[in-house]
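Sequence lines, in order, name chains A and B.
Just so we're aligned, residue -8 is where the first sequence starts under my numbering, counting upward by one.
Just so we're aligned, residue 3 is where the second sequence starts under my numbering, counting upward by one.
From the derived model, a few chain B residues whose C-beta atoms are all more than 10 Å from chain A:
hint, residue
1, K11
2, A12
3, W42
4, K74
5, E75
6, H101
7, G107
8, S110
9, E112
10, T113
11, E149
12, L158
13, K159
No farther apart than 25 Å at their CA atoms in a straight line, the calculated lysine-lysine pairs in the DSS-like style are these:
hint, chain 1, residue 1, chain 2, residue 2
14, B, K148, A, K245
15, B, K74, A, K343
16, B, K11, A, K110
What the hints contain is simulated information worked out from the structure, not anything from laboratory work.
Bear in mind that the values here come from a model prediction, so they are computed numbers and not experimental data.
From the three backbone atoms N, C-alpha and C, an ideal C-beta is built for every residue, glycine too.
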Amino acid sequence: MHEQHQILYKHRFVEGIKGIDVYRNHGGYEAFRKALTMTPEAIIDEVKLSGLRGRGGAGFPTHIKWASVPKNTDQEHYLIINADEGEPGTAKDRDLMNNLPHLLVEGCLIGMLAIRARKCYIYIRGEYAEPWQNVQRAINEAYRAGFIGKNVLGSGMDFDVYTHLGAGSYECGEESALISSLMGERGMPRLKAPSAPLYTVSGAWQKPTPVNNVETIATVVPIINMGGAEYAKIGYGSPRSRGTKLTSISGHVKKPGVYEITLGTPMREVIYDIAGGIRDGHTLKTYIPGGSSTGFMMPEPLDYPMDYEGVVTAGAMLGLGSGGLIVMDETTPIVPVTKRLVDFYHHESCGKCTPCREGLNWLAKIYDRILAGGGRPQDLDLIWDICDNVRGKSFCGLGEGAIVPVMTSIKYFRDEYMSYIKSGRDLVMV
Amino acid sequence: MPRFTSETKARIDEIAGRYPDRRSALLPALWVAQEVYDGWLPEEAMQEVADHLGMSRAEVEGVASYYTMYNKEPVGRHHIEICQNISCMILGSDDLIHHCEHRLGVGSGETTDDGMFTLSRVECLGACSNAPAVQIGATYHENVTKERLDTIIEQLKSAPSEVAHPAQAKMPEQGQF
Chain A
-8 MHEQHQILYK HRFVEGIKGI DVYRNHGGYE AFRKALTMTP EAIIDEVKLS
42 GLRGRGGAGF PTHIKWASVP KNTDQEHYLI INADEGEPGT AKDRDLMNNL
92 PHLLVEGCLI GMLAIRARKC YIYIRGEYAE PWQNVQRAIN EAYRAGFIGK
142 NVLGSGMDFD VYTHLGAGSY ECGEESALIS SLMGERGMPR LKAPSAPLYT
192 VSGAWQKPTP VNNVETIATV VPIINMGGAE YAKIGYGSPR SRGTKLTSIS
242 GHVKKPGVYE ITLGTPMREV IYDIAGGIRD GHTLKTYIPG GSSTGFMMPE
292 PLDYPMDYEG VVTAGAMLGL GSGGLIVMDE TTPIVPVTKR LVDFYHHESC
342 GKCTPCREGL NWLAKIYDRI LAGGGRPQDL DLIWDICDNV RGKSFCGLGE
392 GAIVPVMTSI KYFRDEYMSY IKSGRDLVMV
Chain B
3 MPRFTSETKA RIDEIAGRYP DRRSALLPAL WVAQEVYDGW LPEEAMQEVA
53 DHLGMSRAEV EGVASYYTMY NKEPVGRHHI EICQNISCMI LGSDDLIHHC
103 EHRLGVGSGE TTDDGMFTLS RVECLGACSN APAVQIGATY HENVTKERLD
153 TIIEQLKSAP SEVAHPAQAK MPEQGQF
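Let the hints inform the model, and build the full structure from the sequences given.
Next comes the structure, spelled out in structure tokens:
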């Protein structure tokens, strides 16, 4: 079995690591001290060397995002952290915020240095009361210890870190919708580059506001500590997928949980060794590699490297995703599960663009009808056609993600649909 | 009768000071209002928020109606929210929901006659590795079974109501040191 590097979670199980004293006894805030002696360019260079890519789902290189923030401007900059984890199957940022809140806070401080920001907003989804309390407590402790506040560590710089609670909206995890929500609006997406300026140039409040995921920003801490080049040595797969990925494994496995997995570890090892394999007496039917929007995948191939590139070569439509691996055994009825996801995306669609609003509405109705026994032979073509009209045509990623589980379920489990259509019954439950 | 006291307003003002503009405090202000108005947002609550932030009530309602956690109707003393999304579903959340509906004698989205419990189906709570998950007030319960849910419900009957969300401003030490 491949060695699993514990970079972020090195001290995850240390008693009291939530508190600033224990965190500092384990090297906490040393990376920030080091970063204070570096220029913003040097910090970005280390992150570039590390090969760090966004851990929230899109996999965008962090250094490019940061380097695109204008340097010679009098405008205030803000760093925004996306802690609106809502992708079904994903529970890793919650685990990080609950157990290592200071790692997040320290990452925010380094991120602010890198982009010359002095204020940081952590947008936490409304349901996450406990993570919010943990993070807020950590922020308060960091203020008291002088890592946040006025003239931090004698640097002459003032820093502020705020938490901002959402109120129940999946769409707000989309970075431009998150910006709208942070500004007190409905969580609807905004026009993106190239039709509009990058958010790193003109985002929230028309100021430069890059948005980073919780895990991404926390990963900057070990990168500064160990050096980007050293971090880039970690990984078993693609040269473009370096480091580790927090992955929440759920479903029909013996050891579900949140694990720090070295990128490039074979998917078979992830499911059968790290997660302990399928529960006794059952077999793997399908799995979703990184949150529901990445769609269903089949038990073969399974020996590919779990990283940004590997998942795509294995046939995933939307890549590695957010790190929410959902494993399903043969008892799983695919049509009702897919319907559940369709209903979810339909409910969460913000209504801004027609393909997503109408497409998901019709999909939900068709699934209702099929499950009620009114399926027609032409329904699968109809569903496919609707998906085709959402794909590539919706305003933001929600619509794009919504149709992936639908399309993959039809691709791989056509017989289960046909059973409903022919006899009104589920192949699995009968 | 307005319920915002000078203290409520000061809390909202403190929050508003964290942002470059005042209207950005709308979401946290609605949390505060929901706390002050016993867990939901009647029209008066939204009017008070609008007045205090210098916005129209239409704007405030437009935003409040977008987000599922702002309750537009009164909720029971305890709000039981059962995750129905994929990881919880394949580990039995539908059974859990039906069990709870039967036990409380209400459908999803309804409140018991005595005003004790509101039951809701909700989307992914982000506790997938410990599915099925149930959120009650601010507390998560994970790996929930029917038996455990029964025990929790019994205990809740004599427990004080937990604010549906501990509003952002409740944390006393935000900001300046």
